[in-house]
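S.K.: One line per chain: the protein sequences are W and A, in this order. Quick note, this note's numbering runs 4 ahead of the 1-based positions in the first sequence. Quick note, this note's numbering runs 1 ahead of the 1-based positions in the second sequence.
Don't read these hints as lab results, they were simulated from the structure. Misleading hints may appear alongside valid ones.
The calculated label-pair distances, taken between Cβ atoms and stated as ranges, are [stated by the list, open to error]:
no.	chain 1	residue 1	chain 2	residue 2	range
1	A	R133	W	P41	54 to 62 Å
2	A	V58	W	P41	54 to 62 Å
3	W	A23	A	G99	30 to 38 Å
4	W	Q21	A	K6	56 to 64 Å
Beyond 12 Å from chain W on every Cβ pair, some chain A residues (computed) [said to hold, decoys possible]:
no.	residue
5	R24
6	E56
7	E101
By construction, the Cβ of each residue, glycine as well, lies at the ideal position given by its N, Cα and C atoms.
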Amino acid sequence: MTRPQPAAAALRVRTAQAADLDAVAAIDLAITRLPKPDYWAQIHRRYGGGRRQQRFFLVAESAGRIEGFVIGEVRDWEFGSPRCGWVFAISVRPETRLAGIGSRLLEAICAGFRRQGVTKVRTLLARDNSLILSFFRSQGMMAAPFIPLELDLH
Amino acid sequence: MKLQKNTLFALYSVLESAANPGRQYSAGEIALKYGISPHHLAKVLRTLGRAGLVESVRGVGGGYRFSGNAKRLTLMDVVQLFENAHASPQRRARHRSGVERGLATVLAEIEEISKATLQSISIATMLKLIQRQQRR
């Protein structure tokens, strides 16, 4: 049965709490098919509970259910970049997409970055991830003046 | 990725018509705006019509109007109609010298980034970008 799309007005974006971790991990598992329980516990220790001003772990909640999450941080001089906000992860339940939840999450974390005096937000993602690339593009994001590089270590 | 004239003309036509989806445009009108040949543009519009991105309206005041889904249609979808976007320089270079293979690897890297960019930008996103730039 398809769950009705949450109304934008009923949606609340708030700081993630320990009780949200299972729902967040379940959303990630449904999308990536990769269970990562240790990773999510570590993310909550580093970003959860709103304990650190520069770090953000936000969830979108509607009618008591977590519909999506976003994680990010303000970092100084990372990769030679002046202080800016980095979005590390953003995810929305597949069945409730196209209802503006991702936009609300991104707006909320950008508002948090602005409160920290940041005027630029960046992210990094796989270039074959067309869905999320298209989402960030639709929000007005453009290519950054960086090139990601990698090396196979044998 | 260097785009051919046909591809650029197709992008002009799709973006012009998608900006006003209810409106009909003649090939001459778009050609005049971009300073291009109406005859050349008419051929491009026929290809876009066969792909279902524009539909032709016959009769007096007829022309073409946008018939695609601006939120789903990407720049790459349009580009692919006119360019051989699947050609792989790396595959072609398999039996060539080390220098040729090395260069082909770097050129393929550039190609992949170009493709990812074109695939990630929908016509709706592109129209928003154009509006933002016009406001500046």
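S.K.: Next step is simple, just say for each hint if it's right about the structure.
M.R.: Comparing the hints with the structure gives:
1. Against the hinted window of 54 to 62 Å, the Cβ-Cβ separation of A/R133 and W/P41 comes to about 42 Å, which falls outside the hint.
2. Distance hint check: the CB atoms of A/V58 and W/P41 are about 58 Å apart, consistent with the given range 54 to 62 Å.
3. Taken as a hint, the range 30 to 38 Å is violated for the pair W/A23 and A/G99, whose Cβ atoms sit roughly 58 Å apart.
4. Evaluation of the 56 to 64 Å hint for W/Q21 and A/K6 yields a pass: the beta carbon distance comes to about 57 Å.
5. Every Cβ of chain W is farther than 12 Å from the Cβ of A/R24; the closest lies at roughly 24 Å, confirming the non-interface assignment.
6. At the 12 Å boundary, the C-beta of A/E56 stays outside the reach of chain W, the nearest C-beta of that chain being 25 Å off.
7. At roughly 22 Å from the closest C-beta of chain W, the C-beta of A/E101 stays outside 12 Å, upholding its exclusion from the interface.
Violated hints, listed in ascending order, are 1 and 3; each of the other numbered hints is respected by the structure.
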